[in-house]
Amino acid sequence: MGPSWENKQAKVLAVDASRENLELIQALLSVDGYQVITASNGAEALVMVEKESPDLILVDATMPKMDG
Numbered sequence: 001m002g003p004s005w006e007n008k009q010a011k012v013l014a015v016d017a018s019r020e021n022l023e024l025i026q027a028l029l030s031v032d033g034y035q036v037i038t039a040s041n042g043a044e045a046l047v048m049v050e051k052e053s054p055d056l057i058l059v060d061a062t063m064p065k066m067d068g
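For the record, in the sequence shown the residue sitting at position 19 is 19 according to this note's numbering, with numbers rising by one throughout.
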């Protein structure tokens with residue numbers, strides 16, 4: 001069986017403390033058919049990984065609280 005994006009819409013988790021960055025990432029990827037979910041910090045991202053099982057995670061390497 002191939003990668004999940006061959007069979008369904010790929011799910012991307014974007015993690016960034018900047019709301020503007022998350023909105024931009026969501027807008028750009030949604031146009032190409034990706035399902036985008038977001039988190040604003042590392043702790044929230046860990047919860048989303050467990051809940052949503054994303055195919056790809058984009059993480060800002062320097063965030064408050066817990067970074068990438």
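Hints are computed from structural coordinates only; laboratory data are not their basis. Be aware that one or more of the hints could be misleading.
[As the list claims (entries may be wrong)] Dumping the calculated DSS-like pairs for lysine-lysine here, alpha-carbon to alpha-carbon at most 30 Å:
| hint | residue 1 | residue 2 |
| --- | --- | --- |
| 1 | Lys11 | Lys65 |
| 2 | Lys65 | Lys51 |
| 3 | Lys11 | Lys51 |
Structure-based check of all given hints:
no. : hint             : result
1   : Lys11 with Lys65 : holds (25 Å)
2   : Lys65 with Lys51 : holds (21 Å)
3   : Lys11 with Lys51 : holds (12 Å)
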